[in-house]
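Asker: Sequence:
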Amino acid sequence: MSRLVAHRRAAILFFFVLCIVLPVNGVVLPATAGAEPLVLAQVSDRPKKDFKQLLPMARYMADRLQAYGFNGAQVQLYDSAEALIGAVRQGEVHWISETPYTSARLMQETASTPLAKKWKNGQQQYQTMIFTLKRREILSLQDLVGQRIAFEHPDSFSSYFLPRRILENAGLSLVELERPEDPVPEGQVGYLFSRNEKNNALWVDKEIVAAGTLNNGDWLNPDRVMPEMHERFHVIHRSAFYPRAFELATPALSPEAALALREELLALSQENHAGLLARYEQTEQFSPLELQDLNFLQELTDTGGRAP
Numbered sequence: 001m002s003r004l005v006a007h008r009r010a011a012i013l014f015f016f017v018l019c020i021v022l023p024v025n026g027v028v029l030p031a032t033a034g035a036e037p038l039v040l041a042q043v044s045d046r047p048k049k050d051f052k053q054l055l056p057m058a059r060y061m062a063d064r065l066q067a068y069g070f071n072g073a074q075v076q077l078y079d080s081a082e083a084l085i086g087a088v089r090q091g092e093v094h095w096i097s098e099t100p101y102t103s104a105r106l107m108q109e110t111a112s113t114p115l116a117k118k119w120k121n122g123q124q125q126y127q128t129m130i131f132t133l134k135r136r137e138i139l140s141l142q143d144l145v146g147q148r149i150a151f152e153h154p155d156s157f158s159s160y161f162l163p164r165r166i167l168e169n170a171g172l173s174l175v176e177l178e179r180p181e182d183p184v185p186e187g188q189v190g191y192l193f194s195r196n197e198k199n200n201a202l203w204v205d206k207e208i209v210a211a212g213t214l215n216n217g218d219w220l221n222p223d224r225v226m227p228e229m230h231e232r233f234h235v236i237h238r239s240a241f242y243p244r245a246f247e248l249a250t251p252a253l254s255p256e257a258a259l260a261l262r263e264e265l266l267a268l269s270q271e272n273h274a275g276l277l278a279r280y281e282q283t284e285q286f287s288p289l290e291l292q293d294l295n296f297l298q299e300l301t302d303t304g305g306r307a308p
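Under this note's numbering, think of the first position of the sequence shown as 1, with each following residue one higher.
Hints are computed from structural coordinates only; laboratory data are not their basis. The beta carbon of each residue, even a glycine, is placed where N, CA and C say it ideally should be. Warning: the hint list may mix true and false statements.
What the hints assert, rightly or not - Only pairs whose alpha carbons sit at most 35 Å apart, straight line, appear in this in silico DSBU-like list of lysine-lysine:
| id | residue 1 | residue 2 |
| --- | --- | --- |
| 1 | Lys-134 | Lys-52 |
| 2 | Lys-206 | Lys-134 |
| 3 | Lys-52 | Lys-198 |
| 4 | Lys-49 | Lys-206 |
| 5 | Lys-198 | Lys-48 |
| 6 | Lys-49 | Lys-134 |
| 7 | Lys-198 | Lys-49 |
| 8 | Lys-206 | Lys-48 |
| 9 | Lys-52 | Lys-206 |
As the list claims (entries may be wrong) - Okay, the calculated beta carbon distance ranges per label pair:
| id | residue 1 | residue 2 | range |
| --- | --- | --- | --- |
| 10 | Lys-206 | Leu-139 | 17 to 25 Å |
| 11 | Gln-66 | Gly-171 | 40 to 48 Å |
| 12 | Ala-67 | Leu-139 | 30 to 38 Å |
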């Protein structure tokens, strides 16, 4: 298939998504409205770092979208998906960069529209890994009964929702613990939130928990899993691969501006925009949505966040 044909099909698919997801009576800012900043948002537990990563791209796109009433850019970071969803409902955000579960929630709860796939940290797709210490002789998911597992945070797709559903689909019953020393009820798996990827690995290494959950990109990142830890860890489960991240337009962005934003994202290339892409969370590129991507997000919505 030629690139032209593929691009046209992707454009048709995008218009189809706009028609389905954006409500007729949605909050839409007309292109002729007075100049305002283009607002890019994300859920973040590292706001200082993420602000620096997002601002250059937000400024670049604001310059490219001046014809749609934008002058300058802002980055808004929220400590939870609920806070981000609330801001979108208030019309305070135009554009979002998020991982699959939060993207699915934004589609369902705010009528936001996916624009493109983001190859965040150089990954088009990623998978969840459940790991333990070799010396604990935990060889299967069933061996986690009576043990503790660390997830990252409640809004994480790869380190909470996906591994949790993997365990539940394996017939395991999970219970949240307030502290690592809390006893695990008989026949269940206790879980705690480590709050970041590095803690997840450290907790397993120090035997605060029996198992941890990370995506394969974090697993290979020496700043998050020290190389010597790999000698001590053992992976007991790998999930299927899922899209790494999505760019979405909210109802506060007009359909015309959303289409323009999508085209600008897809036009970015390593040849001409390597520095800009690298600053934007080490993005390799953006790629068009495919029907399977929309089906995946819809399945997450239909199952309340359970892994399809």
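Asker: Confirm or reject each hint.
Answerer: Evaluation of the provided hints:
1. Lys-134 x Lys-52: violated, 38 Å
2. Lys-206 x Lys-134: holds, 13 Å
3. Lys-52 x Lys-198: holds, 21 Å
4. Lys-49 x Lys-206: holds, 27 Å
5. Lys-198 x Lys-48: Holds, at about 18 Å.
6. Lys-49 x Lys-134: holds, 34 Å
7. Lys-198 x Lys-49: holds, 16 Å
8. Lys-206 x Lys-48: holds, 29 Å
9. Lys-52 x Lys-206: This hinted pair holds, its Cα atoms lying about 32 Å apart.
10. Lys-206 x Leu-139: 17 to 25 Å: 21 Å Cβ-Cβ, so the 17 to 25 Å window holds.
11. Gln-66 x Gly-171: 40 to 48 Å: violated, 56 Å
12. Ala-67 x Leu-139: 30 to 38 Å: violated, 60 Å
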